[in-house]
Each structure stands twice: as C-alpha cells, then as structure tokens.
Amino acid sequence: GQSLEQPSEVTAVEGAIVQINCTYQTSGFYGLSWYQQHDGGAPTFLSYNALDGLEETGRFSSFLSRSDSYGYLLLQELQMKDSASYFCAVSGGFKTIFGAGTRLFVKA
Amino acid sequence: DVKVTQSSRYLVKRTGEKVFLECVQDMDHENMFWYRQDPGLGLRLIYFSYDVKMKEKGDIPEGYSVSREKKERFSLILESASTNQTSMYLCASSRGQDNTGELFFGEGSRLTVL
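Residue numbers (my numbering), protein chains in the order written: chain A, 76 to 183; chain B, 1318 to 1431.
Hint data in this document are derived by calculation from the structure and do not stem from the laboratory. Some hints here could point you the wrong way.
Residues on chain A that point at chain B, a partial pick, calculated with CB under 7 Å [claimed, not checked]:
(1) 117
(2) 120
(3) 171
(4) 173
(5) 176
(6) 183
Where is the CB? At the ideal position from N, CA and C, for every residue including glycine.
Sequences are here, hints too, so could you generate the full structure?
Quick look at the structure:
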C-alpha cells in the first residue's frame, strides 16, 4: 500500500524558518509534491521533486531523498499569510496520494 | 486562467438520496480526480479517470461511482447517501502522462447528509 507521514502541527514565529518533514511508503513512485491550503480554500500546488536534491522557489524550498523515502518543505522568512495546512503527496502513474497534512501556525 | 469548477459549494441531503457532484475543467486535461477531505485524514482518493469513459478506483471507492462522458466533465455519484459521507469533496485535474505532480483543484463541495 501507500502511506505518507507528516507532523500534524508546527508552530513558528514570523520571520523564522520552518521545516515540514514527510516520509512515505509507496510503489511506482514518480515524485513528491507539496500543496498549501488556507482555511476554506482549495489546495494549491507549491513544488514537485522527481529527483534527489533541493528545489527552490522563492521563499519555499523542497527536498527529496529517494533512498530514504523522505522529503521536506522549507519555508523561510515566515509571514503571517503562511499560516495554512501543507500536504505532501506522492505521484505514481496517474494517481496522486496525499498525506494527512501539517497545520502551520505562524505567530507574531 | 486555468479553472476547475464544481457545481455546488454546499449541499444538504437526506440519507438514502442520490447525490450528483459535478466538476468541469477548462484546461483540456486528460486526468481528473475526486477526493474527499476530512479533518485529520487529509485528502483521500475516491476515483480517478485518465481518459473519457475510463475510470479507476482510488483508495476509498465504496459507496461512490463516477461518470466521464466528456473530457472536461467528471461526475461523482452517491447512489444512496449515508451520514458517513458527510465531507468536503474536491475535484482536481492534471495533464496527461506528463505527471509533474501538479493537480489543479476546484473550490470544493461541502456535503452534509442528514
């Protein structure tokens, strides 16, 4: 089967750096992606890693280690608007399976 | 601007009723998906379709069926709604086999079954 593990909640201070980890067990793995969802909104795509290493997009970076079945999302210079839920997801073939999500609280 | 549109944001139905949730995308995407989202459980895949008239079961298909008669439209059907199907339902689409992991989601349909 497929499963993903990520922390349920993370709290950080505005301006800080936070890392959200994700470990997965899956077959037919193509890549690991990250989504952001604000309360009442739709999930929106943040990043995708198909190969090992770090991908950077502005304040957000995502890392993948295929050998460790592990990845993380790194958010820098946290802003209040980053308070949201973050989901890791694995893609395999046509399917994308999501983790349960990490709720990020950013404090002033 | 890419768009996935779900027909109803909020629905209230009674146990045993037949429920249709409609989803339309304007991006000419081959793949379409239905997820349900529940607190603490994340997004769980119900069904997906990679082509017109094609459908595949996801992780929790029981109690649901789908229809994809046209490329742009993917419908989720609850033949006989039950209270445990009260949830947020999210439709998504993505490009064909160029799976870069990017799904485009609709705004969701919050279904309450009484």
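Structure-based check of each hint:
1. 117: Since chain B brings a Cβ to about 4 Å from residue 117 of chain A, closer than 7 Å, the hint holds.
2. 120: 5 Å, holds
3. 171: This interface hint holds because 6 Å falls under the 7 Å limit.
4. 173: This interface hint holds because 4 Å falls under the 7 Å limit.
5. 176: 5 Å, holds
6. 183: Status violated, d = 26 Å.
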